[in-house]
Amino acid sequence: MVRSRTTTGSQRLAAVALLSTVVVVGVKVVTAWVSGSVSALGEALQSSADVLMSVLTLVVLRVSALPPDREHPYGHGKAEILSSAFQMLLILLTSVFIIWAAYRRLLSPESIRWDWAALGMGYAVISNLIVARHLTQRNRELESPSLAAESLHLRTDALMSGGVLVGLLLVGMTGIEAIDSGVAILFALVAMSLAFRQLYASLHPLMDGALPEDEIRRLETALNLHPEVRGFHNLRARKVGSRRFIELHVMLDDDLSFIEAHDLAEEIERELSQEFPGSQVSIHYEPHEAELEHRKKEHGE
Numbered sequence: 001m002v003r004s005r006t007t008t009g010s011q012r013l014a015a016v017a018l019l020s021t022v023v024v025v026g027v028k029v030v031t032a033w034v035s036g037s038v039s040a041l042g043e044a045l046q047s048s049a050d051v052l053m054s055v056l057t058l059v060v061l062r063v064s065a066l067p068p069d070r071e072h073p074y075g076h077g078k079a080e081i082l083s084s085a086f087q088m089l090l091i092l093l094t095s096v097f098i099i100w101a102a103y104r105r106l107l108s109p110e111s112i113r114w115d116w117a118a119l120g121m122g123y124a125v126i127s128n129l130i131v132a133r134h135l136t137q138r139n140r141e142l143e144s145p146s147l148a149a150e151s152l153h154l155r156t157d158a159l160m161s162g163g164v165l166v167g168l169l170l171v172g173m174t175g176i177e178a179i180d181s182g183v184a185i186l187f188a189l190v191a192m193s194l195a196f197r198q199l200y201a202s203l204h205p206l207m208d209g210a211l212p213e214d215e216i217r218r219l220e221t222a223l224n225l226h227p228e229v230r231g232f233h234n235l236r237a238r239k240v241g242s243r244r245f246i247e248l249h250v251m252l253d254d255d256l257s258f259i260e261a262h263d264l265a266e267e268i269e270r271e272l273s274q275e276f277p278g279s280q281v282s283i284h285y286e287p288h289e290a291e292l293e294h295r296k297k298e299h300g301e
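In this note's numbering, the protein residues as written are 1 to 301.
One or more of the hints may lead you astray.
Unchecked claim - Taking CB as the label site, the calculated pair distances span:
(1) Gly231 x Arg12: 42 to 52 Å
(2) Arg197 x Leu107: 29 to 39 Å
(3) Arg113 x Leu89: 32 to 42 Å
(4) Ile176 x Val59: 38 to 48 Å
(5) Thr174 x Leu107: 13 to 23 Å
(6) Pro67 x Ile259: 27 to 37 Å
(7) Pro67 x Ser108: 55 to 65 Å
(8) Val55 x Glu269: 37 to 47 Å
(9) Leu58 x Asp255: 49 to 59 Å
In case anyone wonders, no lab produced these hints; they're calculated from the structure.
Don't be surprised by glycine CBs; every beta carbon is placed ideally from N, CA and C.
Input sequences plus hints: build the corresponding full structure.
See below:
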């Protein structure tokens, strides 16, 4: 049930982001055509790519929500990770194009209507920041990699538009049109840096990277609340999309009866599932003293 609500919320937010991006693209295309600004043109192209990424996000969220099947027993959560990585690569390519276009304009300057371009960029900055803030706040609960990437796209787009806006205002104040291209190059480099960082965050779970240290500590704290738990080992925890898969061996007090051990096992798994909503917990339980004796005989530990 939690998964269903999470998926529905993610899809609704992705649709909001898509609608907002389509409007911003329209404004930027008109702005670039009217003003003749190469930076505004680059922004229009980047936002057009954002529309493609928003559509991709909607599709991927539906795919990742599919239940596990025989061919995908762990679900389809990695579709979100692949989508996020692809979107970061698209940001990098767009940034490279903007740098190239701005460099060409430096070599061959042309007059621009900086005032019209500034109005369009101003609208884009405000719109994208508002939507990105909303996505970030809601995604603290949903934990969707695709929405995290979408929020970064919007913030990056606002940053790029802001850089273009600053350059246009400086052009208006100084009359030096080369400033437009220079500022666009600077902010494109910043956007590339952000994209590289998010790309690493996307690829980490794709390589079955471990959960963050703070989440591991939360897991250990939950286990240590039970005095009957004498220890645990072979802890393996990873995150796929918004779901966590937690596997470990837990050693219980040897004096517990079978029924007591069973009840405690169910309680531990229930608590871990509550601590990490939507997670799949798999625990192998062992009698503490018997396990230590087994290790000593078989492995010399």
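These are the hints, each one checked on the structure:
no., hint, in the structure
1, Gly231 x Arg12: 42 to 52 Å, "holds, 44 Å"
2, Arg197 x Leu107: 29 to 39 Å, "holds, 31 Å"
3, Arg113 x Leu89: 32 to 42 Å, "holds, 33 Å"
4, Ile176 x Val59: 38 to 48 Å, "holds, 45 Å"
5, Thr174 x Leu107: 13 to 23 Å, "holds, 20 Å"
6, Pro67 x Ile259: 27 to 37 Å, "holds, 33 Å"
7, Pro67 x Ser108: 55 to 65 Å, "holds, 56 Å"
8, Val55 x Glu269: 37 to 47 Å, "holds, 39 Å"
9, Leu58 x Asp255: 49 to 59 Å, "holds, 55 Å"
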